[in-house]
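Please model the complete structure; the sequences and the hints are all you need to start from.
Order-wise, the sequence lines are chains P and F.
Counting in our numbering, the first sequence runs from 1 upward without gaps.
Counting in our numbering, the second sequence runs from 1 upward without gaps.
None of these hints come from the bench; they were simulated from the model.
Treat each hint with caution, since some may be false.
[Unchecked claim] Computed list of lysine to aspartate or glutamate pairs in EDC-like fashion (alpha-carbon distance at most 20 Å, straight line):
(1) K251(P) <-> E282(P)
(2) K100(F) <-> D423(P)
(3) K25(F) <-> E163(F)
(4) K415(P) <-> E144(F)
(5) K100(F) <-> E311(P)
(6) K129(P) <-> E19(P)
(7) K100(F) <-> E99(P)
(8) K137(P) <-> D206(P)
(9) K415(P) <-> D277(P)
(10) K151(F) <-> D426(P)
(11) K210(P) <-> E99(P)
(12) K110(F) <-> E397(P)
(13) K100(F) <-> E430(P)
(14) K129(F) <-> E163(F)
(15) K136(F) <-> E414(P)
Remember, predicted model here, so these are calculated numbers, not experimental data.
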Amino acid sequence: MITQVSSSLYQQIVANFEEGLMVGAQVPSLDTVRKDAFERFKRTGFPTTKMEDWKYTNLQPLLNESYMLEDTLPERNVGLEDAVISGLDAYRIVLVNGEYRADLSDVIAEHGVQVLPFLEAVNNPIFQKHFAQYADKTDNPLVALNTASNKGGVFISLSDGTVLSKAIQLVHIMASSETLFSQSRNLMVLSKNTKAQLVESFITSDGSAKSLSNNVSEIVVEENAQLYHYYIQVAGEQSNFLNHIEVHQKKHSLYNNYNCSFPGASFVRNNINVRLDDSAVESHLYGIVLGARKQFVDNHTIVDHSMPHCESYEWYKNIMQDEATAVFNGKIFVQLDAQKTNAFQQNNNMLIGDKAVVYSKPQLEIFADDVKCSHGCTIGQFDDDALFYLRARAIGEQQARTLLVHAFAYDVTEKFDNSAVRDYVDRLIERGLNIA
Amino acid sequence: MLSIKNLHASIDGKEILKGLSLDVKAGEVHAIMGPNGSGKSTLASVLAGREDYEVTEGEVTLDGVNLLEMAPEDRAREGVFLAFQYPIEIPGVSNINFLKTAVNEIRAYKGLPPMEAKEFLQRVKEKQKLVEFDAKLANRSLNEGFSGGEKKRNEIFQLAMLEPKLSILDETDSGLDIDALRIVANGVNTLRSQNNAFVVITHYQRLLDYIVPDYVHVLYKGKIVRSGTKELALELEEKGYDWLKQSVDAAENATI
Chain P
1 MITQVSSSLY QQIVANFEEG LMVGAQVPSL DTVRKDAFER FKRTGFPTTK MEDWKYTNLQ
61 PLLNESYMLE DTLPERNVGL EDAVISGLDA YRIVLVNGEY RADLSDVIAE HGVQVLPFLE
121 AVNNPIFQKH FAQYADKTDN PLVALNTASN KGGVFISLSD GTVLSKAIQL VHIMASSETL
181 FSQSRNLMVL SKNTKAQLVE SFITSDGSAK SLSNNVSEIV VEENAQLYHY YIQVAGEQSN
241 FLNHIEVHQK KHSLYNNYNC SFPGASFVRN NINVRLDDSA VESHLYGIVL GARKQFVDNH
301 TIVDHSMPHC ESYEWYKNIM QDEATAVFNG KIFVQLDAQK TNAFQQNNNM LIGDKAVVYS
361 KPQLEIFADD VKCSHGCTIG QFDDDALFYL RARAIGEQQA RTLLVHAFAY DVTEKFDNSA
421 VRDYVDRLIE RGLNIA
Chain F
1 MLSIKNLHAS IDGKEILKGL SLDVKAGEVH AIMGPNGSGK STLASVLAGR EDYEVTEGEV
61 TLDGVNLLEM APEDRAREGV FLAFQYPIEI PGVSNINFLK TAVNEIRAYK GLPPMEAKEF
121 LQRVKEKQKL VEFDAKLANR SLNEGFSGGE KKRNEIFQLA MLEPKLSILD ETDSGLDIDA
181 LRIVANGVNT LRSQNNAFVV ITHYQRLLDY IVPDYVHVLY KGKIVRSGTK ELALELEEKG
241 YDWLKQSVDA AENATI
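As structure tokens, this is what we get:
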């Protein structure tokens, strides 16, 4: 193992942790978990491009920066306008620089729902049962770092049979006057027979300084529960993200992820891992990336079938303008016991900018013999014949291009269950295109 | 209405149209026939403004407006309509939204406000009937999964909705069975008026039994080599193109 010690952020974090500055002493029950996680991170260091999963994703330039590890103005005022989704009926929960802000968050008075800031959740038995049980089993050193030293985030739990009447919107807002490294840790547990919609929005406060966020969310979808999870990246150029979502699904559960990135954030890496740990589980992963300027957006997904009779369906579309770069890495595991699996994956790319880049890697590892799996990948540009056809019908060139991009994205956007979010995403596509 | 003078056009450096001239007056229907490779579809593409073609010489005006300088969308807004030989399938763009956009772009160009939803739907209903176009198709993605006949009927449906001055039908009859052909032709005949004109490009005389032209022109080697009335089409049907080709080729050799 090559130990990565060259980065200044690494040294800063190690020094802080060892001096006891980085974790709140207020959580003694987590001490062992955190120390173990820290040792794991310390051994590996930050991922480098020598690791297969990080081959196209160079963190080094970000790690060479010098960061504040504490928010110096934790009570600051922030504007939440950028997170507004018109027509969406939702409870709002706000994390500023990764930390829960009660003053900006709605109280959810519905029966069967519990929302707690991370540090208050540590004594909750459901939290204790699930915290660090899933994401930490992966070999992502960033998860270990987060487990070792996160300070904030939120715990959401739905008790048996709870069906939320409104969506929950979790707003991540970056607002800092100095270059900041932040980490949020979230846990959502949907008990049996529950149903919820979670809309996560990533935004940046006007005039905020540069930031790097290392966020981890663990999601447990118990028997017969359903979660519709929208993940909308609309942060500003100065914001950079390392996000890890680990989903654990039980029998007859449904998990739908709709992951959308728009022009803004310079660097985005999403790991979305869905573990189908029981039979008769259904998972859908949809993605839209509209990139612009020199943006870098990397989506790494794992769909892990370990039990029979499950179905997964994944469709990612990248639309890259200017000099933007996208990475799509879709791993599907079908383990030995996962007979009668039905797994589908599709990745389509539209390269609009002359200097735009896409790295696409479908990766199927199938150990069972009675399964149906398919995958496909396409890379293309604007269809000139379609463009001419529209223009010959009086539609201006810019509008014709917009129509064609909408048409390209449509296979994915039509799958959005929530029409307010779907309309919002359609508007973001239009807005994201006009920038170019 | 349409005036083409000494039009030369090439694609990838190869000259296809070599001095084509044509005058079309309002209220007229002109048929353009000719053997394969004579430049019929090139003429349609050049008039509509396809950028793959380079116009090297000549002029094209519509009611005195120079078309050659214009982008395809502006030509359409001025009143040029090309019914495509191979209409494009565009999944994800709904037929009806596409039409609404097109109608309103043309209106905006003329300084008119967008059409009221009610009026638009009324028009859609009326024009659909004209080409016996299934209402279900109108709500589907543009041409996606349409049969050949449905695509061609959709072209005429669009024509009916957009009410162009000049319509160019590029081999609209190709791939149509006799019933579809009759429907398409009826649509066109209903739309004919003293204020518009049609240029009908076709291989076969068959279509001209249904859409009766005022003039018939034969295109060969990038030029109109013979013009006449509808009887010329019948003569071509009977004798083929060879006799015409021979006389043109002989004349060419003589000048050399």
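Taking the hints in turn, this is what the structure says about them:
With a C-alpha separation of about 9 Å, the suggested pair K251(P) and E282(P) falls inside the 20 Å cut-off, and the hint holds. About 19 Å separates the Cα atoms of K100(F) and D423(P), which keeps this hinted pair within 20 Å; it holds. The hinted pair formed by K25(F) and E163(F) meets the criterion: a straight-line CA distance of about 17 Å does not exceed 20 Å. Pair hint K415(P) plus E144(F) holds up; C-alpha atoms about 19 Å apart against a cutoff of 20 Å.
Simply put, K100(F) and E311(P) have alpha-carbon atoms about 39 Å apart, too far for the 20 Å limit, and the pair is violated. Simply put, K129(P) and E19(P) have alpha-carbon atoms about 29 Å apart, too far for the 20 Å limit, and the pair is violated. With a C-alpha separation of about 48 Å, the suggested pairing of K100(F) with E99(P) is violated against the 20 Å cut-off. Among the hinted pairs, K137(P) with D206(P) is inconsistent with the structure: their alpha-carbon atoms are about 37 Å apart, more than 20 Å.
Pair hint K415(P) plus D277(P) does not hold up; C-alpha atoms about 24 Å apart against a cutoff of 20 Å. For a cut-off of 20 Å, the pair hint linking K151(F) to D426(P) is broken: about 28 Å separates their Cα positions. Taking the CA atoms of K210(P) and E99(P), the gap is near 17 Å; set against the 20 Å cutoff, the hint holds. Taking the CA atoms of K110(F) and E397(P), the gap is about 18 Å. The hint holds against a cut of 20 Å.
Between the alpha carbons of K100(F) and E430(P) the distance comes to roughly 18 Å, so the proposed pair stays at or under 20 Å and holds. Straight-line distance between C-alpha atoms of K129(F) and E163(F) comes to about 16 Å, which keeps the hinted pair within the 20 Å bound. A hinted pair counts as satisfied when its Cα atoms are at most 20 Å apart, and K136(F) with E414(P) qualifies at roughly 19 Å.
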